[in-house]
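Q: Build the full structure now, drawing on both the sequences and the hints.
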Amino acid sequence: MNAIIVSAVWGVVMMFCSFLVKNKGLYRHIATFGLIILLIANFLNAWGINIFDIDDHNMLHFNNFGTAFNTIAIACTLVYVLLTGKEVEKYGKYSAEYFTLIFFSLCGVAVLSAYNNLLMLFIGIEIMSIPLYILTGSDKKNLKSNEAALKYFLMGSFSTGIMLMGIALMYGGTGTFQLEVTHLQGLGPGKTLSFLEVTGLLFLFVSLAFKVSAAPFHFWTPDVYDGAPTVFTSFMATIVKAAGFVAFIKLLQVKVAETGIAVDKVMGINWQLLIVILIIATLLVGNITAVFQQSVKRMLAYSSIAQAGFMLFSLFSLNDIAQEGLLLYAAAYSLATIGIFAILVKMKDYTFEGFNGLAKKQPLVAAANTVFLLSLAGIPLTGGFFAKYYMLASVMKTGTYVWLVVLAVLFAAVSVYYYFRVIQAMYFKEGDATTEEFSPSFKFGLVALAALIIAIGIIPSIVLNLFYF
Amino acid sequence: MLNSCRRFSKECKINNMIPVLLIVIPLVTGFASFLINNGKGAKALSLLSSVITLVLALVAVYSLGSKDLLSYDAAWIPALGSRFSLSMDGMAKMLCLLTAVSVPLVFTATYKNNYNNPGSFYGLMLLMQAGLMGVFLSSDALLFYFFWELALIPAYFLASTWGGEKRIAVTFKFFIYTFVGSLLMLTGILYLHFKTLHGASFAIQDFYHIKLSHHQQFYGFWLFFIAFAIKMPIFPFHTWQPDAYEQSPTAVTMILSGVMVKMGLYGVIRWLLPIFPQAVLKFDHLVIVLSVIGMLYASLIAIRQDDVKRLIAYSSIAHIGLMCAAIFSNQQAGLTGVMIQMFNHGVNVIGLWIVADAIEQQLGTRKFSELGGLAQKAPGLAILLVVMMLANIALPLTNAFAGEFLMFNGLFRYNVWMAAVAGISIILAAVYSLNMVQKIFYGKTVAATEHAVDAAFNIKFSLALLVIVILVLGVYPQPVIKLTEDSVQAVLAKIISIKVQ
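Protein chains in written order, with the numbering used here: chain A, 953 to 1421; chain B, 157 to 657.
No lab work stands behind these hints: they were computed from the structure. All of these numbers come straight from a predicted model, not from anything done at the bench. Every residue, glycine too, gets a C-beta built ideally from N, C-alpha and C. Heads up, a few of these hints could be off.
Said to hold, decoys possible - Under the rule of at most 27 Å between Cα atoms (straight-line distance), these lysine-lysine pairs were calculated in the DSSO-like manner: (1) A/Lys1312 <-> B/Lys196; (2) A/Lys1349 <-> B/Lys322; (3) B/Lys322 <-> A/Lys1381; (4) B/Lys600 <-> B/Lys523; (5) A/Lys976 <-> A/Lys1395; (6) A/Lys1312 <-> B/Lys329; (7) B/Lys367 <-> A/Lys1349; (8) A/Lys1381 <-> B/Lys329; (9) A/Lys1381 <-> A/Lys1298; (10) A/Lys1312 <-> B/Lys523; (11) B/Lys322 <-> A/Lys1313.
What the hints assert, rightly or not - Cβ pair distances, simulated, as ranges: (12) B/His371 <-> A/Val1399: 35 to 41 Å; (13) A/Ala1407 <-> B/Val602: 45 to 51 Å; (14) A/Phe985 <-> B/Pro234: 32 to 38 Å.
A: In structure tokens, the structure reads:
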């Protein structure tokens, strides 16, 4: 509860700052301060101290997993603001509002990580997404940004509609919006979901697949990520996407895995097979298309689809390793992607050629970028390795669909191709990479982030322990 | 051994730290070297580090007797059930020694070469050494995988940064090939991990005790085997190798072909044979046929080469093919031969690369068509090379003879025809080896060799050391056999027990 309230309140504070504080440079420091408070508030939550004692009628349920994810989301946002906060100021006159929107979006993330009621799921998704529609279009004079915002908004509304339809159907089937109906109505093992409920679940499934940009519901992703100002793409592609997965896994865990019915058959629908198809399509589309991109930004958009394919494994296996793995994946993927985007923002040329010869001009930046890319590719000694490792291990533990793991590692090898193109450009190709000035503190931030990613890669427990305390 | 440990508990503790030090010393000095900008400092530091490592490896091998198993175990990632556990038996000692010998030798022989960014170059070389040591020492599957990759990544950066013209595409091919292999191996490791007791261990001993059905063995076998086959490489997974060897800077090629290919062979002996014995007995014929095809094919191509480096690369494929075939013959003679030859091949091939590098550095070309008559100008180099080449053909009195003889012996016991066909490669080896000696060193001097001088002292010195090793082990190969005989017995015991069933 702490995180939900604090993030909403600080959003309002930021809004007031936009006309109370004249110095534009202060906004990001206020935002940083707010995020630190938010982080502390969330830690207090984890230790069982609730500042705000509000009766939520059991619509929210705070468990270790949700709180741990919240910590990761807030920490990643903190890293994001520290590294790229300055860039936010470049779009429009009222940059404080962008920070406001980020805080509101985080509020949605906090709701999603704790929802226990389908209405809360809906509200969480909306609170999280609506600020993003605005952020996407924040570069008002840029046609691409406008187009992306409209596209995102239309597609987003569509999926929201489908989600509402699904929620309505599930309400029709159970008579309640509560997620865990089994406890309320005494449905035990062996009972099946009703027809309405299953149909509703399918609708929810589709709309959440849209939110996490799983193929074949991914078509908005490349255009929106490419069109949005690069700073905001960074936020959308990482924290928000991971939050979508957290909402998704919770829904499936309750509705599919914990209803006491065998995981693979609920009302004649083989959920596992459904997810397997989703995984294969997502990995295929994300990886193969990313190979052919000329712009690093667009490549990262497709790679985010490919990474989503890996995160989908947690929905497939729905076991303890999957949960831990999702947390680790969220952390490793978000940190690395935020790092790459922070560097990308400073580049003059977003194509692969734009990176040519960066290592000679900026050895430290290039080295940090290499660590981020290696992490995304899942090379050992980086956080990304353990993230992928947990995902594969979770599937292996179920003991079925072992060939899926083999397929996944082959796609991981494909992903090496496009991530390494950037490394090759930076190190082995001659060129004159033009960048904006890198300040010493920015460089320090990048190196610290790279060190953190390597630390996760050697001792993943530093992230996973969040889960258990 | 337990008794002696109790009596000298303090001493034992120190000895058991040797495997850790073998990894940590190159790792730490490697990172330190990145910070040194000046070339001389980096060279001196890396040479010092590699010599210390060599001394430690020698201590591990000799003063402790071959029967002792040095092991170290510490918690690493408790949540996964993976431990930082190292153990050093005879085979590991032998391969660690090979690694420890090669690196200072490479540094000495290329001491006069100047690289851009020397700090990074030597740093990456040392990191690669740490990775190789780790591969040979780790007795935890996940740790093994970690080091397997740690050896690969520096190699990629070394070859792509300091390599020849086509380096980027070629080393990338090399990287992708091996990465696919190692990911498949990771899948295999995960699969086995969940088959161990309680599904919570990566320890090699637990892997040895897994009971797998026939089908499970077959799948697991291929997951691991492809990784090892790519690394060795054996036909048809070899296509990355000649290009990568040719384009890499020679110092890197020496490590790649001298030591890194042994990772594949080591993997087969340590992991594949004991874990999947039934699958090994089922697929042995197929693997041997592939290996023999590779031997002949590579030898034939080697004859047609015009480039020293490519010739040595193909010749290396042929030799590795024989080793792989001998392993899968599952005969004691064959495996003993492989053990000897793993060490000897490393020594010989590094010697050949040193000569190739000396020629290229001095004359600026590696093509036979542009060379000739070098023996008149550089008699010292010529003599040393001829010894190397004779060892490459495995003539008696050279170190390779004992190994190849035993390997053919093993193959012969497995299948006479297979051995006979494989034997053709010996003749072919003589053809291309002598052809190379003749074209470079004999005949009339040509424009390129007109003003050549004899090789520098550091090159001759390192080659002379190698020649001594070649001759000593050629006359008396017993030390290597003794060092590794326990490992051979342990591996064969498992296979034989399955055969009897």
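Q: Against this structure, judge whether each hint is valid.
A: For each hint, the structure was consulted:
In summary, the hint linking A/Lys1312 to B/Lys196 is supported, as the alpha carbons are separated by about 21 Å, within the 27 Å threshold. Straight-line distance between C-alpha atoms of A/Lys1349 and B/Lys322 comes to about 43 Å, which puts the hinted pair past the 27 Å bound. Note on B/Lys322 and A/Lys1381: the hinted pairing holds, with a Cα-Cα distance of about 12 Å set against a maximum of 27 Å. For the suggested pair B/Lys600 and B/Lys523, the alpha carbons sit about 15 Å apart, so the restraint of at most 27 Å is met.
Restraint check for A/Lys976 and A/Lys1395: satisfied, since their Cα atoms lie roughly 23 Å apart, inside the 27 Å limit. Between A/Lys1312 and B/Lys329, the direct Cα distance comes to roughly 24 Å. Compliance with the 27 Å bound is thereby established for this hinted pair. Between B/Lys367 and A/Lys1349 the alpha-carbon distance is near 17 Å, which keeps this suggested pair within the 27 Å criterion. For the hint linking A/Lys1381 to B/Lys329, the alpha-carbon distance of about 17 Å falls within 27 Å, and the restraint holds.
Of the pairs offered as hints, the one joining A/Lys1381 and A/Lys1298 holds, with about 20 Å between alpha carbons and a cut-off of 27 Å not exceeded. Among the hinted pairs, A/Lys1312 with B/Lys523 is inconsistent with the structure: their alpha-carbon atoms are about 33 Å apart, more than 27 Å. Note on B/Lys322 and A/Lys1313: the hinted pairing holds, with a Cα-Cα distance of about 23 Å set against a maximum of 27 Å. A beta carbon spacing of about 49 Å between B/His371 and A/Val1399 contradicts the range 35 to 41 Å that was offered as a hint.
Distance hint for A/Ala1407 and B/Val602: a CB-CB separation of about 58 Å, inconsistent with the stated range 45 to 51 Å. Distance hint check for A/Phe985 and B/Pro234: the Cβ-Cβ separation is about 37 Å, which falls inside the suggested range of 32 to 38 Å.
The structure fails to meet hints 2, 10, 12, 13 from the earlier list, while all remaining hints are met.
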